[in-house]
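Using the sequences and the hints given, assemble the complete structure.
Spelled out, the chains give:
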Amino acid sequence: MSEEKKQQVSRRQFLNYTLMGVGGFMAAGLLISPVRMAIDPVLKSTGAGDLANVGLSVDDITSEPQRIDWSIDQVDGWYESQVNRSAWVYRNDSDEIIAFSPICKHLGCVVSWEGSDQYPDEFFCPCHDGRYYKDGVNVPGTPPLAPLDEYEMEIKDGMLFLGDPKPHREA
Amino acid sequence: MLQKIYDWIDERIDLQPIWRDIADHEVPEHVNPAHHFSAFVYCFGGLTFFVVVIQILSGMFLTMYYVPDIENAWRSVYYLQTEVAHAQIVRGMHHWGASVVIVMLLLHTLRVFFQGAYKKPRELNWMVGVLLFFVMLGLGFTGYLLPWDNKAFFATQVGLEIAQQVPFIGDQLKILLAGDASIVGAQTLTRFFAIHVFFLPAALFALLAVHFILIRRQGISGPL
Numbered sequence: 001m002s003e004e005k006k007q008q009v010s011r012r013q014f015l016n017y018t019l020m021g022v023g024g025f026m027a028a029g030l031l032i033s034p035v036r037m038a039i040d041p042v043l044k045s046t047g048a049g050d051l052a053n054v055g056l057s058v059d060d061i062t063s064e065p066q067r068i069d070w071s072i073d074q075v076d077g078w079y080e081s082q083v084n085r086s087a088w089v090y091r092n093d094s095d096e097i098i099a100f101s102p103i104c105k106h107l108g109c110v111v112s113w114e115g116s117d118q119y120p121d122e123f124f125c126p127c128h129d130g131r132y133y134k135d136g137v138n139v140p141g142t143p144p145l146a147p148l149d150e151y152e153m154e155i156k157d158g159m160l161f162l163g164d165p166k167p168h169r170e171a
Numbered sequence: 001m002l003q004k005i006y007d008w009i010d011e012r013i014d015l016q017p018i019w020r021d022i023a024d025h026e027v028p029e030h031v032n033p034a035h036h037f038s039a040f041v042y043c044f045g046g047l048t049f050f051v052v053v054i055q056i057l058s059g060m061f062l063t064m065y066y067v068p069d070i071e072n073a074w075r076s077v078y079y080l081q082t083e084v085a086h087a088q089i090v091r092g093m094h095h096w097g098a099s100v101v102i103v104m105l106l107l108h109t110l111r112v113f114f115q116g117a118y119k120k121p122r123e124l125n126w127m128v129g130v131l132l133f134f135v136m137l138g139l140g141f142t143g144y145l146l147p148w149d150n151k152a153f154f155a156t157q158v159g160l161e162i163a164q165q166v167p168f169i170g171d172q173l174k175i176l177l178a179g180d181a182s183i184v185g186a187q188t189l190t191r192f193f194a195i196h197v198f199f200l201p202a203a204l205f206a207l208l209a210v211h212f213i214l215i216r217r218q219g220i221s222g223p224l
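In the order they appear, the protein sequences are chains C and S.
By the UniProt record's numbering, the letter at position 41 of the first sequence is numbered 41, and the numbering carries on one by one without gaps.
By the UniProt record's numbering, the letter at position 70 of the second sequence is numbered 70, and the numbering carries on one by one without gaps.
In short, the hints are calculated from the structure, not lab data.
One or more hints might be untrue.
Claimed, not checked - Simulated restraints on C-beta separations:
| id | chain 1 | residue 1 | chain 2 | residue 2 | range |
| --- | --- | --- | --- | --- | --- |
| 1 | S | V166 | C | V137 | 20 to 28 Å |
| 2 | C | E80 | S | F40 | 55 to 63 Å |
| 3 | S | V166 | C | I97 | 31 to 39 Å |
| 4 | C | D50 | S | F212 | 51 to 59 Å |
| 5 | S | Q172 | C | E80 | 23 to 31 Å |
| 6 | S | Q172 | C | A28 | 49 to 57 Å |
Yeah, the Cβ is synthetic: ideal placement off N, Cα and C, and Gly gets one too.
As structure tokens, this is what we get:
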């Protein structure tokens, strides 16, 4: 009799389990929506942006990097606006068109081609003296840890179209 | 009159043990600056809390004018700075207090560290203190964006890039903070506002409660 009783769930245990179960269910029910709401941006798939005409004819692209600016329609949640973008565009030795994002891979400042007199033929970031070779690869020993991002690119009717910045092909 | 009100309540719920638990305790001689002036180092924790109270009060009043919206945030801050009587002072308290609280926190931490007051049995309270430090830094980081001026925007840009460097979860962490994969904008501002005004203060209050209860339970560490 007493052996049998040990196997049973006591009244107190049963109540405990029931209360914990119900309480856990209620807590989960209470928390699931707020948590899902908070992490929504992380789970949202980022729709690939359209490529925009940057107003530059491919004939005007030389081996010297030139800065081009254009604007895109940006949707930030409920807020839509025009934002400016810029790129450094040039033709490399194998005649490919290259468009680098000017955002420094160290902490997000803006780099310029030959931005410092001391470092010709390099991209230079004034914030922490970050440097990149002409092919976008970061100079070892300077703050950036990765090469400059490259824009998605398309050429239509002799005009240059650029999309979102993507990691450098060598990264 | 006040005595009568007190007596009326006391008769019903026996107030004395409550306020005695909160307020009536010995301050040992070695931590009392009236006995040894050098004991002022024991004040840094209390001063930190004092400044925290100022931050909470001034922050509460600032939200009467502040709008966490990218069109209006800067304008609302500008308006209260220039048009509202005494608002400059309240925002000044919040602005400077934010720095003072970090300074006091560091002095308090240094005192505890160099006196070895964190040693057994007070390790738990040290850990709670470290968490409090992180919450404070979080409050400073999220509050910095709210005026939505250039300095705030680019400081946050950099801060988010730093968060992105966290191994494995960096990208997700950045999106979770910024509310968008690439934009620091409308959703970032509302998120930072919510974190600054609701989430982190809630964590702060909970941790402060534990911090103080542990002090009361374990007492102040003995003289050196």
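Are any of the numbered hints broken by this structure? If so, which, sorted upward? Per hint list: single violation, 6.
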